[in-house]
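**Student:** Sequence:
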Amino acid sequence: MSASPEVSAHLSLLGLGGALANVGAPPDPVSFNVFSLLGNRRSMSGSLIGGIREPQEILDFCAEPGSVPKSR
-9 MSASPEVSAH LSLLGLGGAL ANVGAPPDPV SFNVFSLLGN RRSMSGSLIG GIREPQEILD
51 FCAEPGSVPK SR
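For what it's worth, our numbering labels the leading residue of the sequence shown as -9, then goes sequentially.
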């Protein structure tokens, strides 16, 4: 979300235990009702990492034949 988001509207789209991941920083401060997280076990996280090139490299790697998830 790089534009000034309406966080409450995005959070309302999440189901029980859903997560909202924010990549990048909006230009203005963000406010929302914290009870929209607590009452439904929702979470919100954020990261400033990456530009256009890094996500494209990840998508290209994931699209390669034989690329599968790895678990321990």
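Don't read these hints as lab results, they were simulated from the structure. Be aware that one or more of the hints could be misleading.
Said to hold, decoys possible - Taking CB as the label site, the calculated pair distances span:
| no. | residue 1 | residue 2 | range |
| --- | --- | --- | --- |
| 1 | S33 | E(-4) | 17 to 25 Å |
| 2 | L6 | S37 | 17 to 25 Å |
| 3 | L6 | R43 | 32 to 40 Å |
Note that the coordinates shown come from a computational prediction; the quantities given were computed from them, not determined experimentally. Beta carbons: idealized from backbone N, C-alpha and C, even for Gly.
**Student:** Against each hint, give a clear statement of whether it holds in the structure.
**Tutor:** Right, here's what the structure says about each hint:
no., hint, result
1, S33 to E(-4): 17 to 25 Å, "18 Å, holds"
2, L6 to S37: 17 to 25 Å, "24 Å, holds"
3, L6 to R43: 32 to 40 Å, "36 Å, holds"
Of the numbered hints stated above, none is contradicted by the structure.
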